[in-house]
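*Asks:* On the provided structure of chain A, position chain B as indicated by the hints.
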Amino acid sequence: MGKQTIVPFGPQHPVLPEPIHLDLVLEDEKVVQAIPSIGFIHRGLERLAEKKEFTEMVYVGERICGICSFIHSHAFCHGVEGVMKIEVPERAQYLRVVWGEMSRIHSHLLWLGLMADAFGFENLFMHSWRVRERLLDLVEATTGGRVIFGSCKIGGVRRDIVGGAMADVTKELREIEKMSTEITSVFEKDNSVKKRTVGVGVINKEDAYLLGAVGPVLRASGVSSDMRMLGYGAYGQLQFQPMVETAGDCYARTQVRCKEIYQSFGLIRQAIERIPEGPIETKVTGTPNGEFFARLEQPRGEVLHYIKGNGTKFLERYRVRTPTFANVPPLVHMLAGCQLADVPVVVLTIDPCISCTER
Amino acid sequence: MTTHFEEQPIIILNREELVAKVAQLKKDGYRLVQVCATTLADDFDITYSFDKDYKFESLRLSIPRTDAVVPSITGEFFGAFTYENELQDLFGLKVTDLKLDFGGKFYQLAKKTPFNETKAEATAAAAPKPTPTPEAK
Chain A
1 MGKQTIVPFG PQHPVLPEPI HLDLVLEDEK VVQAIPSIGF IHRGLERLAE KKEFTEMVYV
61 GERICGICSF IHSHAFCHGV EGVMKIEVPE RAQYLRVVWG EMSRIHSHLL WLGLMADAFG
121 FENLFMHSWR VRERLLDLVE ATTGGRVIFG SCKIGGVRRD IVGGAMADVT KELREIEKMS
181 TEITSVFEKD NSVKKRTVGV GVINKEDAYL LGAVGPVLRA SGVSSDMRML GYGAYGQLQF
241 QPMVETAGDC YARTQVRCKE IYQSFGLIRQ AIERIPEGPI ETKVTGTPNG EFFARLEQPR
301 GEVLHYIKGN GTKFLERYRV RTPTFANVPP LVHMLAGCQL ADVPVVVLTI DPCISCTER
Chain B
1 MTTHFEEQPI IILNREELVA KVAQLKKDGY RLVQVCATTL ADDFDITYSF DKDYKFESLR
61 LSIPRTDAVV PSITGEFFGA FTYENELQDL FGLKVTDLKL DFGGKFYQLA KKTPFNETKA
121 EATAAAAPKP TPTPEAK
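Residue numbers (our numbering), protein chains in the order written: chain A, 1 to 359; chain B, 1 to 137.
Worth flagging that the hints you see were computed from the coordinates, not collected in a lab.
One or more hints might be untrue.
[Claimed, not checked] Below are the DSBU-like pairs computed for lysine-lysine, each with C-alpha atoms no more than 35 angstroms apart in a straight line: (1) B:99 - A:3; (2) A:171 - A:283; (3) A:171 - A:194; (4) B:94 - A:313.
[What the hints assert, rightly or not] Footprint (simulated), chain A over chain B, 3 or more residues, beta carbon under 8 angstroms: (5) 53-63; (6) 112-122.
[What the hints assert, rightly or not] Which residues of chain A face chain B? A few of them, derived with a C-beta cut under 10 angstroms, are: (7) 41; (8) 47; (9) 78; (10) 211; (11) 316.
If you're wondering where the values come from, they're calculated on a predicted model, not measured in any experiment.
Idealized CB from N, CA, C, for every residue including glycine.
Here chain A stands alone, though its shape is the one from the complex (with noise of 0.2 angstroms):
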């Protein structure tokens, strides 16, 4: 064994946005442990609930993440509903499967970026993005916003698609789908990308399910887990299957989201063909009484949002478990043994979203 240096790794760093800490155990280059730590910004949005109502609570949801936020808000009213037992007219459900599936879709692209950044290739950088922006246009125009969408409430949406909108957004979709194609297919074919992706940051099936591992990461080592499965909102009337891939690497874990944002294309022109007309919202009368585990995909993997009430308009507890802090432990257990150089780009390949972790 060789003399043994710890290296901090965050929490800034140039592929962090967000701060996480790695102490990183090494020998001569090599990673032979890591350990995490986290918390720099807790918030402690989820005491937030015991001073707001629970109505209220839909905005500070949807406002965890910046990328993944209607899937936020989609989960907290999926739970709220589980627990007061709301029926969510049909085109509601649909409606949510759109917007969902374009967060999914803007969220993948924002990754392919920074992946490309942290790897060194600029250029794609700035064209993943550049199609990213497309797709936010798209979700301006039919939200009116691009960050937080503001469109989910508990026993519907706020807002419809109407008139010709739907044709529009089909239209445009075709576009965002075409110039993706130039994006993915330099992820899956380039040499460049390849040398830094195939058989780093491995994890093998077994201990991606028994770390808990979450979304991409999970599917990417052969296990075929995807909570839409479970057929929330409207996605039991669609046909998919959950995108898995089995190398468990990095190149792996690039190309299950690559192929989820063709999926999500798919999702999505699946429901504007289905949705019927019909309201778009239930009144909403009387207080949550009991406790929901609301489990829902989010780009990321699988998010939790845990509903306790006690009858009166204030959540008794309110608990979100985020894909990333889930996926912690895979990480690592995959940063032990790759090389120094390599653990930006395996810290990338879970997609942290240290904002979601940081409820």
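*Replies:* Just chain B now, kept in the frame of chain A:
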């Protein structure tokens, strides 16, 4: 089309039974989804959730706040170290036999164990203290 809400059974058990039950779930092919604590007036409710093939199941302990000690499940699911360090850092629970114990330093917090009080206790603690009367002085 009706709104889909999954079944979510919760098994109540005591802390002596926890590790054996978790070991059984691991043997049956479940994965750990989350560990969550709730601060109640006299107790902590701690819920351990698991999933297998989209079947969601939870175990629940009710631990007196005066004896806030729970056994670690990191012997079965090592990934639970994040949740259990969270229990220690945010709630002030003591987790025994934790495989990776940060000793209260996993979260870098301004306030120690900020979730270790109920809403009523937090409100009472934040209320302005009455000015002492001359007699009291």
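*Asks:* All the hints need checking, so say for each whether the structure fits it.
*Replies:* Evaluation of the provided hints:
1. The suggested pairing of residue 99 (chain B) with residue 3 (chain A) holds, with an alpha-carbon distance near 25 angstroms, which does not exceed 35 angstroms.
2. For a cut-off of 35 angstroms, the pair hint linking residue 171 (chain A) to residue 283 (chain A) stands: about 33 angstroms separates their Cα positions.
3. Only pairs whose Cα atoms come within 35 angstroms are accepted, and residue 171 (chain A) paired with residue 194 (chain A) is accepted, the gap being roughly 33 angstroms.
4. Restraint check: the Cα-Cα separation between residue 94 (chain B) and residue 313 (chain A) comes to about 32 angstroms, which is no more than 35 angstroms; the hinted pair holds.
5. Taking a C-beta to C-beta cut-off of 8 angstroms, the stretch 53-63 of chain B contributes 3 residues in contact with chain A, enough for the three needed, and the coverage statement holds.
6. Restraint check on the stretch 112-122 of chain B versus chain A: 4 residues with Cβ-Cβ distances below 8 angstroms, three needed, restraint holds.
7. Restraint check, residue 41 (chain A) versus chain B: the minimum CB separation of about 9 angstroms is within 10 angstroms; hint holds.
8. With a least beta-carbon distance of about 7 angstroms to chain B, the hint placing residue 47 (chain A) at the interface is held under the 10 angstroms criterion.
9. Nearest Cβ of chain B to the Cβ of residue 78 (chain A): about 8 angstroms, under the 10 angstroms cut. The hint holds.
10. Because the smallest distance between the Cβ of residue 211 (chain A) and any Cβ of chain B comes to about 4 angstroms, under 10 angstroms, the interface hint for this residue holds.
11. Here the hint on residue 316 (chain A) is kept, as its CB sits about 7 angstroms from the closest CB of chain B, short of 10 angstroms.
In terms of the numbered hints stated before, the structure departs from none.
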